[in-house]
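Following the hints, position chain B against chain A.
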Amino acid sequence: MSVRHALLALLTEGPKIGLRLREEFEERTGEVWPLNVGQVYTTLQRLERDGLIESNSDDNDSPHKDYRITGEGRQEVENWLRTPPSAIPPRDDLVIKVLVAVGVPGVDLPAVLQTHRRRLVELMQTYTRMKEDALDDVRIALVVDAELFRLDALMRWLDAADVRMRSMGEAAAVSSASTPSVVTRRSIKVVG
Amino acid sequence: MTGIALEGVFKTYGSNANEVHALHNVDLVVAPGELVAVMGASGSGKSTLLTIAGTLEDATQGTVRINGRPVADMSKNERARLRRQSIGYVFQDLNLLAGLTAVENVSLPLELDGVRFKDARRDAMVALERMGMEGRADRFPDQLSGGERQRVAVARSVVGQRDVLLADEPTGALDSVNGEGVMRLLRAACQDGVAGMVVTHDAQLASWAHRVVFLRDGRVVDQTVSAPGVESLLAGDGLP
Numbered sequence: 017m018s019v020r021h022a023l024l025a026l027l028t029e030g031p032k033i034g035l036r037l038r039e040e041f042e043e044r045t046g047e048v049w050p051l052n053v054g055q056v057y058t059t060l061q062r063l064e065r066d067g068l069i070e071s072n073s074d075d076n077d078s079p080h081k082d083y084r085i086t087g088e089g090r091q092e093v094e095n096w097l098r099t100p101p102s103a104i105p106p107r108d109d110l111v112i113k114v115l116v117a118v119g120v121p122g123v124d125l126p127a128v129l130q131t132h133r134r135r136l137v138e139l140m141q142t143y144t145r146m147k148e149d150a151l152d153d154v155r156i157a158l159v160v161d162a163e164l165f166r167l168d169a170l171m172r173w174l175d176a177a178d179v180r181m182r183s184m185g186e187a188a189a190v191s192s193a194s195t196p197s198v199v200t201r202r203s204i205k206v207v208g
Numbered sequence: 027m028t029g030i031a032l033e034g035v036f037k038t039y040g041s042n043a044n045e046v047h048a049l050h051n052v053d054l055v056v057a058p059g060e061l062v063a064v065m066g067a068s069g070s071g072k073s074t075l076l077t078i079a080g081t082l083e084d085a086t087q088g089t090v091r092i093n094g095r096p097v098a099d100m101s102k103n104e105r106a107r108l109r110r111q112s113i114g115y116v117f118q119d120l121n122l123l124a125g126l127t128a129v130e131n132v133s134l135p136l137e138l139d140g141v142r143f144k145d146a147r148r149d150a151m152v153a154l155e156r157m158g159m160e161g162r163a164d165r166f167p168d169q170l171s172g173g174e175r176q177r178v179a180v181a182r183s184v185v186g187q188r189d190v191l192l193a194d195e196p197t198g199a200l201d202s203v204n205g206e207g208v209m210r211l212l213r214a215a216c217q218d219g220v221a222g223m224v225v226t227h228d229a230q231l232a233s234w235a236h237r238v239v240f241l242r243d244g245r246v247v248d249q250t251v252s253a254p255g256v257e258s259l260l261a262g263d264g265l266p
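Chains as they are written, first to last, in the working numbering: chain A, 17 to 208; chain B, 27 to 266.
Just chain A, same shape as in the assembly:
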């Protein structure tokens, strides 16, 4: 989540003070990502240093300091909105856990998968309730949708993992003679 760019985007609507920016950020993102005040001011100082915003006072401690976006800042927002997200797969705890579990002797893999499945659905229920309660707030619906699709992708992955491991288990039971894997291992770079 780029707080830097989100704050910059909020300033395209007109000059604002730091506290208001924080409030608006939280409001617009459905209050899913809380921000602390320090984070807001550090980010604003960096934006100012980089010439993307300017303020009406040199006093960094003044809570009434108004920030306004510069021409360069507007250009930055334009570019950011159109830049695709990173293509490098994010590191996902759940994926790592399941991959590790495959190699741990004595682990009941289907039970591990089911535990995660249940937890994911419970989370999805919580998000769905948010959407149900916020019928006419399109921003909350969008934030919640994004999270629901992400969790849904993990659910599908767990389902696929289950079916895949089950059919591999059945194949192994039919022929105990193991054939060497022809798949070449390829490392995937992981961020984080």
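These are calculated hints, taken from the structure and not from any lab test.
Ideal Cβ placement from N, Cα and C applies to all residues, glycine included.
Incorrect hints may appear among the rest.
[To be verified] Restraint-style ranges between C-beta atoms, simulated for each label pair:
| hint | chain 1 | residue 1 | chain 2 | residue 2 | range |
| --- | --- | --- | --- | --- | --- |
| 1 | A | Asp66 | B | Glu155 | 54 to 62 angstroms |
| 2 | A | Arg155 | B | Leu138 | 40 to 48 angstroms |
| 3 | A | Pro121 | B | Ala43 | 48 to 56 angstroms |
| 4 | B | Glu137 | A | Gly185 | 47 to 55 angstroms |
[Unchecked claim] What the simulated footprint calls covered on chain A by chain B, stretch by stretch (three residues with Cβ under 8 angstroms from a Cβ of chain B suffice, anywhere in the stretch; the number is not a length):
| hint | region |
| --- | --- |
| 5 | 83-92 |
| 6 | 143-150 |
| 7 | 170-179 |
[As the list claims (entries may be wrong)] Covered, in the sense of this in silico footprint (three residues per stretch, anywhere, with C-beta under 8 angstroms from a C-beta of chain A), are these stretches of chain B:
| hint | region |
| --- | --- |
| 8 | 78-84 |
| 9 | 241-251 |
For chain B alone, kept in the frame of chain A given last:
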């Protein structure tokens, strides 16, 4: 006990060496006011569970009660009446009759049950209104969009005094936002006192249910406990 109650339900197809256990010792209660989603992979037994709960098929063993009455004790006619009067179904392919308008499709189950034409029409209009479809009542299915047809099918499933609602992948091929609309309606219908069961492999749809039950190889292996509140997300401990 009203609603749906399955107790020690087995369903076996074939015999001896060819026996397939579609359901294995399933216990499941769906109370009025509750929407329960049943999730499971293909072949997990979820559609079988729905047809047994809907009295369209018999359990090999175990008890199925609808509104407190064991289905096994009912005659063929009593079951047919139960299906006509108490149970609403929404299937993936909707089964709307192409030669009937929306309101005729919705009032048909009532008319078949002997309700007077005028009363059936009035109840059908009420059901369509609840789905926001009163303005489309005189359209034929092929004059409606996919989402509208789905709404008509849901209206038909809740028309009259139905207190059990069964749905098999009810959002069909709808996009996610329209599919969500159908789930909102099913959830709202249940909150009005209907016992609802929906089978689906789609976790986003299932998350509209009050409770999600997981089926694997014909057995109930797990179910959700009440979903954590929104505060858990804000506290930062909700994300996996």
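Evaluated hints:
| no. | hint | result |
| --- | --- | --- |
| 1 | Asp66/A / Glu155/B: 54 to 62 angstroms | holds, 57 angstroms |
| 2 | Arg155/A / Leu138/B: 40 to 48 angstroms | holds, 47 angstroms |
| 3 | Pro121/A / Ala43/B: 48 to 56 angstroms | violated, 34 angstroms |
| 4 | Glu137/B / Gly185/A: 47 to 55 angstroms | holds, 53 angstroms |
| 5 | 83-92 | violated (count 0) |
| 6 | 143-150 | holds (count 6) |
| 7 | 170-179 | holds (count 6) |
| 8 | 78-84 | violated (count 0) |
| 9 | 241-251 | holds (count 6) |
Going through the hint list in order, the structure does not satisfy hints 3, 5 and 8.
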